[in-house]
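The listed protein sequences derive, respectively, from chains E and V. Position 34 of the first sequence, counted from 1, bears residue number 34 in my numbering, the numbering being contiguous throughout. Position 267 of the second sequence, counted from 1, bears residue number 267 in my numbering, the numbering being contiguous throughout.
Just so you know, the hints here were simulated from the structure itself, not pulled from any lab data. Be aware that a few hints might be false.
What the hints assert, rightly or not - Rough simulated footprint, nothing fancy, chain E against chain V, three-plus residues with beta-carbon under 8 Å:
#1 171-185
#2 189-201
Claimed, not checked - Chain V is faced by these chain E residues, among others (derived, beta-carbon under 10 Å):
#3 Ala-154
#4 Tyr-208
#5 Thr-233
#6 Ala-246
#7 Asn-248
#8 Val-252
#9 Ser-279
#10 Met-283
#11 Ser-303
What the hints assert, rightly or not - Chain E regions said to be covered by chain V (calculated; three or more residues, Cβ under 8 Å):
#12 174-185
#13 225-231
We treat Cβ as the ideally placed atom computed from N, Cα and C, and that holds for glycine.
There are 2 protein chains.
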Amino acid sequence: MQRGYQVAIVGATGAVGLELLNILEEREFPIACLSLLASKRSVGRTLSFAGQGLPVRELTEQSFDDIDFALFSVSALVSKAFGPIAARAGAVVIDDSSAFRMDPQVPLVVTEVNPHALRRHQGIIAHPNCSTIPLVMILKPLHLLAQVRRVVVATYQSVSGAGARAVEELDHQTRALVAGEPAHVSVLPQQIAFNCVPQIDAFGELGYTGEEWKMVRETQKILEDESIRMSSTTVRVPVFRGHSEAVNIETVHKVSVHQVRQLLSTASGVAVIDDPEKSQYPMPITAVGRDEVFVGRIREDPSHDHAVNLWLVSDNLRKGAALNMVQIMELLCAEKRR
Amino acid sequence: MQRGYQVAIVGATGAVGLELLNILEEREFPIACLSLLASKRSVGRTLSFAGQGLPVRELTEQSFDDIDFALFSVSALVSKAFGPIAARAGAVVIDDSSAFRMDPQVPLVVTEVNPHALRRHQGIIAHPNCSTIPLVMILKPLHLLAQVRRVVVATYQSVSGAGARAVEELDHQTRALVAGEPAHVSVLPQQIAFNCVPQIDAFGELGYTGEEWKMVRETQKILEDESIRMSSTTVRVPVFRGHSEAVNIETVHKVSVHQVRQLLSTASGVAVIDDPEKSQYPMPITAVGRDEVFVGRIREDPSHDHAVNLWLVSDNLRKGAALNMVQIMELLCAEKRR
Numbered sequence: 001m002q003r004g005y006q007v008a009i010v011g012a013t014g015a016v017g018l019e020l021l022n023i024l025e026e027r028e029f030p031i032a033c034l035s036l037l038a039s040k041r042s043v044g045r046t047l048s049f050a051g052q053g054l055p056v057r058e059l060t061e062q063s064f065d066d067i068d069f070a071l072f073s074v075s076a077l078v079s080k081a082f083g084p085i086a087a088r089a090g091a092v093v094i095d096d097s098s099a100f101r102m103d104p105q106v107p108l109v110v111t112e113v114n115p116h117a118l119r120r121h122q123g124i125i126a127h128p129n130c131s132t133i134p135l136v137m138i139l140k141p142l143h144l145l146a147q148v149r150r151v152v153v154a155t156y157q158s159v160s161g162a163g164a165r166a167v168e169e170l171d172h173q174t175r176a177l178v179a180g181e182p183a184h185v186s187v188l189p190q191q192i193a194f195n196c197v198p199q200i201d202a203f204g205e206l207g208y209t210g211e212e213w214k215m216v217r218e219t220q221k222i223l224e225d226e227s228i229r230m231s232s233t234t235v236r237v238p239v240f241r242g243h244s245e246a247v248n249i250e251t252v253h254k255v256s257v258h259q260v261r262q263l264l265s266t267a268s269g270v271a272v273i274d275d276p277e278k279s280q281y282p283m284p285i286t287a288v289g290r291d292e293v294f295v296g297r298i299r300e301d302p303s304h305d306h307a308v309n310l311w312l313v314s315d316n317l318r319k320g321a322a323l324n325m326v327q328i329m330e331l332l333c334a335e336k337r338r
Numbered sequence: 001m002q003r004g005y006q007v008a009i010v011g012a013t014g015a016v017g018l019e020l021l022n023i024l025e026e027r028e029f030p031i032a033c034l035s036l037l038a039s040k041r042s043v044g045r046t047l048s049f050a051g052q053g054l055p056v057r058e059l060t061e062q063s064f065d066d067i068d069f070a071l072f073s074v075s076a077l078v079s080k081a082f083g084p085i086a087a088r089a090g091a092v093v094i095d096d097s098s099a100f101r102m103d104p105q106v107p108l109v110v111t112e113v114n115p116h117a118l119r120r121h122q123g124i125i126a127h128p129n130c131s132t133i134p135l136v137m138i139l140k141p142l143h144l145l146a147q148v149r150r151v152v153v154a155t156y157q158s159v160s161g162a163g164a165r166a167v168e169e170l171d172h173q174t175r176a177l178v179a180g181e182p183a184h185v186s187v188l189p190q191q192i193a194f195n196c197v198p199q200i201d202a203f204g205e206l207g208y209t210g211e212e213w214k215m216v217r218e219t220q221k222i223l224e225d226e227s228i229r230m231s232s233t234t235v236r237v238p239v240f241r242g243h244s245e246a247v248n249i250e251t252v253h254k255v256s257v258h259q260v261r262q263l264l265s266t267a268s269g270v271a272v273i274d275d276p277e278k279s280q281y282p283m284p285i286t287a288v289g290r291d292e293v294f295v296g297r298i299r300e301d302p303s304h305d306h307a308v309n310l311w312l313v314s315d316n317l318r319k320g321a322a323l324n325m326v327q328i329m330e331l332l333c334a335e336k337r338r
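One chain only, chain E, in its complex shape (with noise of 0.2 Å):
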């Protein structure tokens, strides 16, 4: 391999950990020495990067020896075991998982958003929620413009949030049902499948789940404000791949449909579809592979005088978790260079 960093992905098997391969393939990250690391029964596989297999190791606590970089996706349990052993060894830990995402000591990243918090990394850096990074993109350039008072938001999330076995049971409860067969349950809460399930994570305070308080925090903890009132609810869809989210915004200062379109047209890493006259407008199956978060369905709100609402949908493996991932490497790296 060419001249380059060390990096390693740790959940290189899941969902999350093969888009990681594509983005730093297609990106042309300067990789020297590229480690896939997983749990004990995926070892023996190989997985493909730049023409080459790569074999799939054991995470260990020997794994992170000399590493630049190590891109965690797997369960916070694992996340809070091994991070800081590889920190320790040196690694920049970039970690999808939800367990440092509210430490004060740890950096809470969307590269367009707060890239300046990356400054004050101790060695670990987290990456927000998959529904949390296409909302922060959004807010945070109509929150410089006219401060955002209040956020009501509803999504439609894929089951690829879930991880790679969530995608095979809607796949095998999708083929059950329409041989006529019974789906079967066993990853997600409930049959996924021609349904629609009202939770992801589980319960907790007030009711909400934890996908949904992760959106208020993480919000509030991106854009630096806590003022920033809140509240969410998030619902599975029979999506493979792609998350929406119906949002409604109040703003302290009255903002005209124009000016949002305008505000989020010139956004970075956001595209904006909205020309319903042509019914055009984004959708999971548009977004799909896409790096952008897509905005649509822009609207004035008739029922208050200073809000509007609007429709979001990103690709949850790519801007959502892998794509903020190496874009914040690709960050670190080159503030070392300055």
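On the provided structure of chain E, position chain V as indicated by the hints.
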């Protein structure tokens, strides 16, 4: 057939038409003669009712002689053309389309919410949109208790709301995609299998769709209060049957979650399924074939002092359509007998 009423179903071969047959049979509505009407291309078909095969006949201007009740579930255009003809012939028309809903002379009725409005009918009674009905059944008791000020709703609507051909389309597209073949789009505006489509009906004022405005204006008419402010995002999801809604409700007077749960537990036609600890909440697959509007995920809104969030699901072909139409007919019969 037994002694009873002369009933005509206009659009008998459609998704709602077939459900009307089921419900008339289940509820043992007293029918003397049932006339099944449809467009010319359905003539020759036979539909089963109470153990008999009944022929489908062509809808003509002469179809309504001696009919007591004409239940219309056809396009607004056909309703506009034939509804007044049926009414002039002496039938009471109960119309499922948008043709007459906002006509000030026409009552728009949900039997549990505003049955009193039936008294002033002049031959035509409008039946609300399938996403409005469950919403007003939840809002009415809350409005009486605490005065609803503002509603922000995002819907998750099944394909059966767009008729039997849309149901077939989801089935065909799903089978094609799992077989690795392309999905053919003809009935709905976009591919619906494994996708979310934020368009139901045509686009209109302020960039909202017809469906979105229907929810707002029908709610105000049924609750007889134009001061209720509301904004809606209506989305088609790959579900065969059962409409879900994520609803944020702001009230003038503060209500607790406990009060809301108690209030809705005793509301007519409403069933509360709300036990997060046991992962109990309503879903489309549990609402199918049921008469009740199911509500769950009732929780206070941390972003607003006077607001609650909740999640509702109803069978759009039953209470959202056929059941409410039959209940309107039952109420009119009970009035006559007084």
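Let's test the interface hint: is any C-beta of chain V closer than 10 Å to that of Tyr-208 (chain E)?
holds (6 Å)
Return the status of the interface hint for Asn-248 (chain E): holds when the least beta-carbon distance to chain V is below 10 Å, violated otherwise.
holds (5 Å)
Under 10 Å, Cβ to Cβ, is where Ser-303 (chain E) needs to be relative to chain V, so tell me if that hint holds or is violated.
holds (4 Å)
Please check whether Val-252 (chain E) passes as an interface residue: C-beta within 10 Å of a C-beta belonging to chain V.
violated (14 Å)
Grab the minimum C-beta distance from Met-283 (chain E) to chain V and call the hint holds if it beats 10 Å, violated otherwise.
Since the shortest Cβ distance to chain V is 6 Å, the answer is holds.
Under 8 Å between beta-carbons, do enough residues of the region 171-185 of chain V, three at least, approach chain E for the coverage claim to hold?
holds (count 4)
Can you verify the interface hint for Thr-233 (chain E): is its Cβ closer than 10 Å to any Cβ in chain V?
Constraint on Thr-233 (chain E) satisfied, holds at 4 Å.
Within the assertion that chain V covers the region 174-185 of chain E, do at least three residues meet a Cβ-to-Cβ distance smaller than 8 Å?
Our answer is that it holds, as 3 residues pass the Cβ test (under 8 Å) against chain V, meeting three.
Report holds or violated for chain E covering the region 189-201 of chain V, Cβ cut-off 8 Å, minimum 3 residues.
Three-residue rule met by the region 189-201 of chain V, so holds; n is 9.
Hint validity - Ala-246 (chain E) Cβ closer than 10 Å to any chain V Cβ:
holds (4 Å)
The hint names Ala-154 (chain E) as touching chain V; please verify it with the least Cβ-Cβ distance against 10 Å.
holds (4 Å)
Checking hints one by one. Is Ser-279 (chain E) an interface residue toward chain V, by the C-beta closer than 10 Å rule?
The hint holds - Ser-279 (chain E) has a Cβ within 10 Å of chain V, the shortest such distance being about 5 Å.
Figure legend: structure checked against the earlier numbered hints; the only hint not met is number 8.
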